[in-house]
Amino acid sequence: MEKNRLNKKDLGNFLTILKKHYSNIISPGLDDKNSPVFRLINSAQEIVLDKITPIKPPKEFLFPQSEELMTYDKNDSYTPTRIVEKTKFAIFGARPCDIKAIEYNNLFFGNKFNDPYYQSKRENLLLIGISCEFPSSSCFCTTMGISPVESSGSDLFLTNLGTDYLVEWVSDIGKAIQQFFAEILTEAKPEDEKMKIKIEETTRSKLVEEINLTEIKGKIIQTYDKEDLWKNYSEVCIACGACTFNCPTCTCFDVQEKMESLENGTRYRTWDSCQFYDFCLHASGHNPRGTKMQRLRQRILHKYQYSIDQLNQWSCTGCGRCIRSCPVGINTRSILKDIKEELHG
Amino acid sequence: MISEKISQQVKNLIQQEFKTGDVILSYQDSGTPGVMTPIFIHSKEDIGKILINSLCVNNLAVYLSSFFQSEYKDIKQKGRIIITAKPCDAKSVVQMISDEQIPNEKILLIVFECDGVTTSRLIKEKVNQEFSKIDIKDGKYIVTLQDKQSQSIQAEEVRVSKCKDGSLCDLPTYYDYYFVGTEKSSKIDQHSKVMTETPLLQERLSRTEFKKIVDTELEKCIRCYACRNICPACFCSEKCIIDKPKLAVPFLDKEVNLANNILFHMIRFNHVAPNCTECGECERVCPQEIKLSIFYHYFNRLVKKEFGFVSGKSDLERQKLLNYRLGEELV
Amino acid sequence: MAKQDLIYLFLCRADKRKKLLTEIEKKFPNIQTINIHCAGRFNPILAFKLLQQKAAGVILLGCDTGDCHYREGNLFSERRIFLARETLHGFGMDRNRLQALWYNPKQIAPVLESLETFTKYISNLASKGDSI
Numbered sequence: 005m006e007k008n009r010l011n012k013k014d015l016g017n018f019l020t021i022l023k024k025h026y027s028n029i030i031s032p033g034l035d036d037k038n039s040p041v042f043r044l045i046n047s048a049q050e051i052v053l054d055k056i057t058p059i060k061p062p063k064e065f066l067f068p069q070s071e072e073l074m075t076y077d078k079n080d081s082y083t084p085t086r087i088v089e090k091t092k093f094a095i096f097g098a099r100p101c102d103i104k105a106i107e108y109n110n111l112f113f114g115n116k117f118n119d120p121y122y123q124s125k126r127e128n129l130l131l132i133g134i135s136c137e138f139p140s141s142s143c144f145c146t147t148m149g150i151s152p153v154e155s156s157g158s159d160l161f162l163t164n165l166g167t168d169y170l171v172e173w174v175s176d177i178g179k180a181i182q183q184f185f186a187e188i189l190t191e192a193k194p195e196d197e198k199m200k201i202k203i204e205e206t207t208r209s210k211l212v213e214e215i216n217l218t219e220i221k222g223k224i225i226q227t228y229d230k231e232d233l234w235k236n237y238s239e240v241c242i243a244c245g246a247c248t249f250n251c252p253t254c255t256c257f258d259v260q261e262k263m264e265s266l267e268n269g270t271r272y273r274t275w276d277s278c279q280f281y282d283f284c285l286h287a288s289g290h291n292p293r294g295t296k297m298q299r300l301r302q303r304i305l306h307k308y309q310y311s312i313d314q315l316n317q318w319s320c321t322g323c324g325r326c327i328r329s330c331p332v333g334i335n336t337r338s339i340l341k342d343i344k345e346e347l348h349g
Numbered sequence: 238m239i240s241e242k243i244s245q246q247v248k249n250l251i252q253q254e255f256k257t258g259d260v261i262l263s264y265q266d267s268g269t270p271g272v273m274t275p276i277f278i279h280s281k282e283d284i285g286k287i288l289i290n291s292l293c294v295n296n297l298a299v300y301l302s303s304f305f306q307s308e309y310k311d312i313k314q315k316g317r318i319i320i321t322a323k324p325c326d327a328k329s330v331v332q333m334i335s336d337e338q339i340p341n342e343k344i345l346l347i348v349f350e351c352d353g354v355t356t357s358r359l360i361k362e363k364v365n366q367e368f369s370k371i372d373i374k375d376g377k378y379i380v381t382l383q384d385k386q387s388q389s390i391q392a393e394e395v396r397v398s399k400c401k402d403g404s405l406c407d408l409p410t411y412y413d414y415y416f417v418g419t420e421k422s423s424k425i426d427q428h429s430k431v432m433t434e435t436p437l438l439q440e441r442l443s444r445t446e447f448k449k450i451v452d453t454e455l456e457k458c459i460r461c462y463a464c465r466n467i468c469p470a471c472f473c474s475e476k477c478i479i480d481k482p483k484l485a486v487p488f489l490d491k492e493v494n495l496a497n498n499i500l501f502h503m504i505r506f507n508h509v510a511p512n513c514t515e516c517g518e519c520e521r522v523c524p525q526e527i528k529l530s531i532f533y534h535y536f537n538r539l540v541k542k543e544f545g546f547v548s549g550k551s552d553l554e555r556q557k558l559l560n561y562r563l564g565e566e567l568v
Numbered sequence: 061m062a063k064q065d066l067i068y069l070f071l072c073r074a075d076k077r078k079k080l081l082t083e084i085e086k087k088f089p090n091i092q093t094i095n096i097h098c099a100g101r102f103n104p105i106l107a108f109k110l111l112q113q114k115a116a117g118v119i120l121l122g123c124d125t126g127d128c129h130y131r132e133g134n135l136f137s138e139r140r141i142f143l144a145r146e147t148l149h150g151f152g153m154d155r156n157r158l159q160a161l162w163y164n165p166k167q168i169a170p171v172l173e174s175l176e177t178f179t180k181y182i183s184n185l186a187s188k189g190d191s192i
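Top to bottom, those sequences are chains A, B and C. Positions 5 to 349 (my numbering) are the ones given, in order, by the first sequence. Positions 238 to 568 (my numbering) are the ones given, in order, by the second sequence. Positions 61 to 192 (my numbering) are the ones given, in order, by the third sequence.
Chain A with its partners taken away, still in its complex shape (with noise of 0.2 Å):
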């Protein structure tokens, strides 16, 4: 892999030389609150990266919470919305977590029938990651098998070393502009290995705890019959959806349709929650998932097993949003400990 390192000081003439390429670029700065959040940057003076990774993720840049599909009309029968996606932008600053997210929604919106309004932004997309070494105390990254200093899955990677910071050009993307920076960047060196190690060391030393799951992979369905376990759980959950909106790797969505008049309207998709009452509900009043413990256990199989028998991945990428968003306190990493527990004697 290509390396080069890239001196902090010239970060301004970085975004610079990226901006004439990729036009609009996201980045995480601060709100009136002072909160860290994902948003349209236009100086380096703006960009915050030593803060724990902002609570919304980027997946509202690829997948918004409110997009039109198409628009129909009485005489002239439905016409989908133009894709015009043709602004190319960069999400600078996405830490290892978030770069997995969309890696699995990569495949998720790609697998048996490709979206066109996801892969349309998605192919006009870079992604620049960085190096975490600002961990909350719900992160559980390690846990999932991601290294907070990994650089696969995104387009180049940059990790801190002090003054400078080493730049990985890891896909094809990102190996094709490497030269629109060659007059910024300088020589790498070999001690910039040891130092990326000694960084996820000190990271990994700040996370509260790590739960070794190499022993359940696969079968935690067998947890499926133990009502117990999730009762404790779900007696808790006020099934308000909060999880789920912020979750990087959650892409339900519902269907539906807006009348303008009785002779127009349009159709749109927007967020949807596995964990709403009528989530699941048929036409014919049925619910299969009406209880809430039905709800909860969907939730986290559909984490934890349904998505490695279905695309060989697991959907969770440790990022702790869940557990930072929930207002009654549930701890999908106690849901974890118990699932050992209970598998495992």
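No lab work stands behind these hints, which were simulated from the structure alone. Heads up, a few of these hints could be off.
[Unchecked claim] Which bits of chain B does chain A cover? Going by a derived footprint, with three or more residues having C-beta under 8 Å, they are:
#1 367-374
#2 450-463
#3 546-556
[Unchecked claim] Derived pair list, reagent style SDA-like, types lysine to any residue, alpha-carbon separation capped at 25 Å:
#4 A:60 - B:364
#5 A:55 - B:390
#6 B:377 - B:449
#7 A:55 - B:265
#8 B:448 - C:190
#9 B:374 - A:212
#10 C:109 - B:265
#11 A:24 - A:182
#12 B:457 - C:109
#13 A:37 - B:315
#14 B:457 - A:59
#15 B:286 - B:343
#16 B:491 - C:189
#17 B:315 - A:231
#18 B:449 - C:189
#19 A:210 - A:231
[Unchecked claim] A short, non-exhaustive set of chain B residues, derived as facing chain A with CB atoms under 7 Å:
#20 266
#21 270
#22 275
#23 277
#24 279
#25 490
#26 492
#27 493
By construction, the Cβ of each residue, glycine as well, lies at the ideal position given by its N, Cα and C atoms.
Given the coordinates of chain A, assemble chains B and C onto it according to the supplied hints.
Relative to chain A, chains B and C alone:
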């Protein structure tokens, strides 16, 4: 600070009162530092898991109505429901009894005196760092930071905003047990009325200026419905008009934009206004941190002034929109 | 019709108010009438939805105290409308866009007078460019 002595006394009482078939609603540690989570206890061995301290900020009254609604067929409750509550939560329970949503003979309400609670978000803002553990000792929070150092914070520095006003924790007239005796170091000033007597934004600003604030706040709403689900006064639960899937045309479009967001909040506050007890849970759980207090303070003062009704005080007096009879004064 | 002119009128006992309805149709082309059996049936959230999306004003016309065919419907409604007006104010909208009138089916002239004042008020707001 809610002292350890009170936590132990409550557990002893529950040990005595518990009979098979009862269910206990209380608090336990969640595994995330600084966050306490509710627990439902069905058997005597688990009573040891109960832990009550100043991080217990949840209002447990929200779980009560589902025991008595026929839609929830998987919950069959034969015995009583024993619930431990702070005075502000007890008001929600009493208001539900007065609205005839839960029968008072099936509830055992245990209230403990409280000196203010805090959330992990407020502590994080104060120390400006992530932490791995919080201990409570002598009226202070001892926070172990990520770099293994520790910092100590006084309780009054990180109280939730509703706890700054002493008049919001007045006890209702109905309860079964009440435990007193908090440590002297951090008493709430019972005479402070900073929340209930500050002029409202609706009165201080002109209508156009106020509308701009409403627009900026509600633009952030993602319609996750966490505020509606956590509210004890929103007891329509699965029959809520927003969710009604059997209607041919939905009353509120699922599309997320400013006009629909304003409509959702107007409907919710209009339905909840007479039974709202200002518990502040809706504002605490919002993932986007919208300042819902500008709405619920307005409605509570309105109902008190115009209808002369104080919600959550008595279990026998019904709220004014339900008890009108011919011959009464209208407003 | 544009949003800033349209007014919705909900009225009870339409069978007894036929003369009033013909007068309204002649004099006020921007008022749309909807018949309900009793003013007590009116749910304020209908007014919220109309004011957000389609209309500039909503009026509820019910019977005077003591004259309600269903005994107390109009009185329940009066408390509800009061709370609904204050809800509009609490969200920064003009509370006078929602109004309740209490007149018996026999009274026609006072109703037309009140409707005249209301339409003038709404068109005044529209000409000032006030849309909330």
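Against the structure, the hints come out as follows:
With 3 residues having a Cβ less than 8 Å from any Cβ of chain A, the region 367-374 of chain B passes the three-residue criterion, so the hint holds. Residue count for the region 450-463 of chain B with a Cβ under 8 Å from a Cβ of chain A: 4. That meets the three needed, and the coverage hint holds. Requiring three or more residues with a Cβ within less than 8 Å of a Cβ of chain A, the coverage given for the region 546-556 of chain B is violated, as only 0 such residues are present. A C-alpha spacing of about 22 Å is found between residue 60 of chain A and residue 364 of chain B, which places the hinted pair at or below 25 Å, so the restraint holds.
With a C-alpha separation of about 22 Å, the suggested pairing of residue 55 of chain A with residue 390 of chain B holds against the 25 Å cut-off. The straight-line distance between the Cα atoms of residue 377 of chain B and residue 449 of chain B is roughly 40 Å, outside the 25 Å bound, and the hint therefore fails. At roughly 29 Å between alpha-carbon atoms, residue 55 of chain A and residue 265 of chain B are farther apart than 25 Å, so this suggested pair is violated. Between residue 448 of chain B and residue 190 of chain C, the direct Cα distance comes to roughly 12 Å. Compliance with the 25 Å bound is thereby established for this hinted pair.
A hinted pair counts as satisfied when its Cα atoms are at most 25 Å apart, and residue 374 of chain B with residue 212 of chain A qualifies at roughly 22 Å. About 43 Å separates the Cα atoms of residue 109 of chain C and residue 265 of chain B, which puts this hinted pair outside 25 Å; it is violated. Between residue 24 of chain A and residue 182 of chain A, the direct Cα distance comes to roughly 14 Å. Compliance with the 25 Å bound is thereby established for this hinted pair. Proposed proximity of residue 457 of chain B and residue 109 of chain C is supported: the alpha carbons are some 20 Å apart, at most 25 Å.
Among the hinted pairs, residue 37 of chain A with residue 315 of chain B is inconsistent with the structure: their alpha-carbon atoms are about 48 Å apart, more than 25 Å. Between the alpha carbons of residue 457 of chain B and residue 59 of chain A the distance comes to roughly 14 Å, so the proposed pair stays at or under 25 Å and holds. Taking the CA atoms of residue 286 of chain B and residue 343 of chain B, the gap is about 23 Å. The hint holds against a cut of 25 Å. Taken as a hint, the residue 491 of chain B and residue 189 of chain C pair is broken in the structure, with Cα atoms around 30 Å apart against an allowance of 25 Å.
Between residue 315 of chain B and residue 231 of chain A the alpha-carbon distance is near 20 Å, which keeps this suggested pair within the 25 Å criterion. As the CA atoms of residue 449 of chain B and residue 189 of chain C are separated by approximately 16 Å, the hinted pair is consistent with the 25 Å bound. This hinted pair does not check out: residue 210 of chain A and residue 231 of chain A have alpha carbons roughly 34 Å apart, beyond 25 Å. Contact between residue 266 of chain B and chain A, as hinted, is not supported at the beta carbon level, the nearest pair being about 9 Å apart and thus beyond 7 Å.
Using the Cβ-Cβ criterion of 7 Å, the hint placing residue 270 of chain B at the interface with chain A is satisfied: the shortest such distance is roughly 5 Å. Interface hint status for residue 275 of chain B: upheld, as the beta-carbon distance to the closest one in chain A is roughly 5 Å, under 7 Å. A hinted interface residue such as residue 277 of chain B counts as satisfied when its beta carbon comes closer than 7 Å to some beta carbon of chain A; here the least separation is about 4 Å, so the hint holds. At about 9 Å, the closest approach between the beta carbon of residue 279 of chain B and any beta carbon in chain A exceeds 7 Å, and the interface hint on this residue is violated.
Contact between residue 490 of chain B and chain A, as hinted, is supported at the beta carbon level, the nearest pair being about 6 Å apart and thus within 7 Å. Proximity of residue 492 of chain B to chain A holds as hinted, the smallest CB-CB distance being about 5 Å (cut-off 7 Å). Given the 7 Å rule on beta carbons, the hint for residue 493 of chain B holds: about 5 Å separates it from the nearest Cβ of chain A.
Violation of the numbered hints given earlier is confined to hints 3, 6, 7, 10, 13, 16, 19, 20 and 24; the remaining hints are satisfied by the structure.
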